[in-house]
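A.B. asks: One letter stands for each residue in the lines below.
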Amino acid sequence: MALRIQRVPSDNLAGGIAARLIAIVLALAVAAAVFAFTGADLGKLGGHVVKSTFSNFGMQDVGLILTPLILTGLAVMIALKVGAWNIGAEGQFCAGAFAASGVALFVPGPTVVILPLMFVAGALGGMIWILIPTLARAYADVSELITTLLLNFVGILLVYYVATGPWLDSSGFSFASTKRLPHDIPALWGDVHWGLPIAVIITIAVAAVLNFTRWGYEVRIAGSNPNAARYAAIPFRRHLIVVMLLSGAIAGLAGMLEAVGTAHRLQGGISNNFGYIGIMVAVLARGSAIGVIAGALLMTLILKSGLALQTQGVSVATVLAITGLILFFTAIGDELSHYRIVRTKNEPQEA
Amino acid sequence: MDLIAGLIQTSILAGGVLALAALGEVLAERVGVVNLGVEGLMSLGAITGIATVVATPSPLLGFALALAVGFMAGMAFATATVIVRANQVLCGLALTLMGTGVAAMIGKAYSGIPAPVTFAPIAIPYLSDIPVLGRALFTQNILVYLIYLILPFTLHHIMFRTRHGLDMRAVGENPAAADAAGIPVQRIRFWYVSLGAAFAAGAGAYLTLAFVPSWSEGVVAGRGWIAVALVIFAGYRPWTAVLAALLFGLITSLGFVGQARNWPIAAPILSMLPYLGTIALMIVPVLAWQKVRRLMAAPAAIGEPYFRDVR
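Residue numbers (my numbering), protein chains in the order written: chain A, 1 to 351; chain B, 1 to 311.
Here chain A stands alone, though its shape is the one from the complex:
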């Protein structure tokens, strides 16, 4: 009997989850080591994080950060289902926030009417933002990864332009923000608004459609093996277009909820890396919609810790670096979880 290491084509759930947990622990350990090396008091920093997160206000913050992260994570995840990299959730987020704020500022009417209209505008904004990358991928095979990404910069500049220019608050107190939007999303608990349950419901709905409908089945086949999909007469291109547009709409909705529900105004830098961290959420989720909620919660806790440490002189960029480290270790762990130690009766024969 002999043991040997063998690579199998599919990874398993336990290995994937273990890889993620180890990646997070390793990344945090590296970060802690760096902090310790620069002479920070780890116990004090940790205590501060715990105290500021597990307080009434801290939990409200968690709810507010969780909302956009669930949706941007879902947006990236669903595009991956059909084999597309939507790295542009950041830009679609901006476009959604822009469109919804535009409706709020310039369409008069009662909140009951305007709020649904803002929803539609947010989703449409995100959809329009991903339209050109989608068509370019579907009809000319242009890498959607790069086109969606480049539009992030344009989206951020667009929001910055209107918030500092044409839509600037005329009261003179702000420099890069519109006036307070006249409509609110109803509050749920403290500052946390109905955006959070809406994000969760959308996620569950997407999970149900992907797992229990014929359409969802076809999308999953198209994403995992386009050739097999074509052979089975599954319209790959149509699914690609629909799913990518849906992905943009979800990211746009995240922007709408952030601008209307959380920030109450359109301001420069509204996207706040939520789109990029959504990629992280989608990767942690391992292709499962319910995993998106878990992944978003994890990333929220990391972001919230970063915010708490800002008062202790730790810069926001640290969070970005730690996020990258987690992603790096997760990618390595994912590959390693393909390997098995198998027992063989006889020594394998050398070819």
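Because the hints were derived from the structure by calculation, they are not lab data. Do not take every clue at face value.
[Claimed, not checked] Not close to chain B: a few residues of chain A, all C-beta gaps over 12 Å, as computed:
| no. | residue |
| --- | --- |
| 1 | Leu-21 |
| 2 | Ala-36 |
| 3 | Gly-47 |
| 4 | Val-50 |
| 5 | Gly-102 |
| 6 | Leu-105 |
| 7 | Ser-177 |
| 8 | Ile-202 |
| 9 | Glu-218 |
| 10 | Ala-233 |
| 11 | Pro-235 |
| 12 | Ile-241 |
| 13 | Val-242 |
| 14 | Leu-307 |
| 15 | Thr-344 |
[Said to hold, decoys possible] Partial selection, computed: residues in chain B whose CB lies under 10 Å from chain A:
| no. | residue |
| --- | --- |
| 16 | Thr-79 |
| 17 | Gln-88 |
| 18 | Ile-106 |
| 19 | Ile-269 |
| 20 | Tyr-275 |
| 21 | Pro-305 |
Ideal Cβ positions, reconstructed from N, Cα and C, are used throughout, including at glycine.
Got chain A; can you put chain B on it based on the hints?
C.D. replies: Leaving out everything else, chain B in the frame of chain A:
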């Protein structure tokens, strides 16, 4: 005429950043590895460059240290993608997040300090006296000559005129066949990916030592991603990559001219030009000339890790 000469001079200077990063990406992608960490590597190089010249007044040392930092980060990336064979897209994005994050952390102390020394323009005797174009073309810093002439010439020669270059391209097109022919697939991938990463970080140092020249958070501003896009547009060839970079330099400098001359277009809108231009140039040629697709096709094994026992 002054306007045109100035435009050309700025285009060359601005395009140099993209050209060097793109040349690095050509190396990595030709051997079959997509490195999406260029943006992060450029950030690391940019801060290394500025931190070095603040400490000691030698831009050349700053550039060299940036190359070294990029090479080391590239080896980490290559270890993950070539040796462990982890997903290249994820590792690249991770490298971008880490690079921009770490650079911003270090950069806090250097924010807004102008580089005390920079790569000064060198006028080439006689040639720089040619009216209009002479100044624009031949009064540039030393890196410009390196990036636009020496590097593409060398890389083109190695890639298309030597046996070793044939091996490189074989590794990117069909690693299994290359392996069977006795070409060390993993070794070639590892070292060229690392070298490409060094170029990317060098481009960052060029940015803070020859072009901007100071550090601020977000100084790279998507140039790494534009460089990646440009490699596709340039069909994975060194000379076309450099020419494409020059074209983007022109788009960038048009924005500068617009701002300097008070064109009635807001600065944020002008700043969108390079990104929109990149997207247009990625889409339009493919739509206009179907033949381009085959001629400029990506290496066949791009993005795919190579497992000897899985064929």
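A.B. asks: Hint by hint, where does the structure go against what was stated? Just the numbers, ascending.
C.D. replies: none
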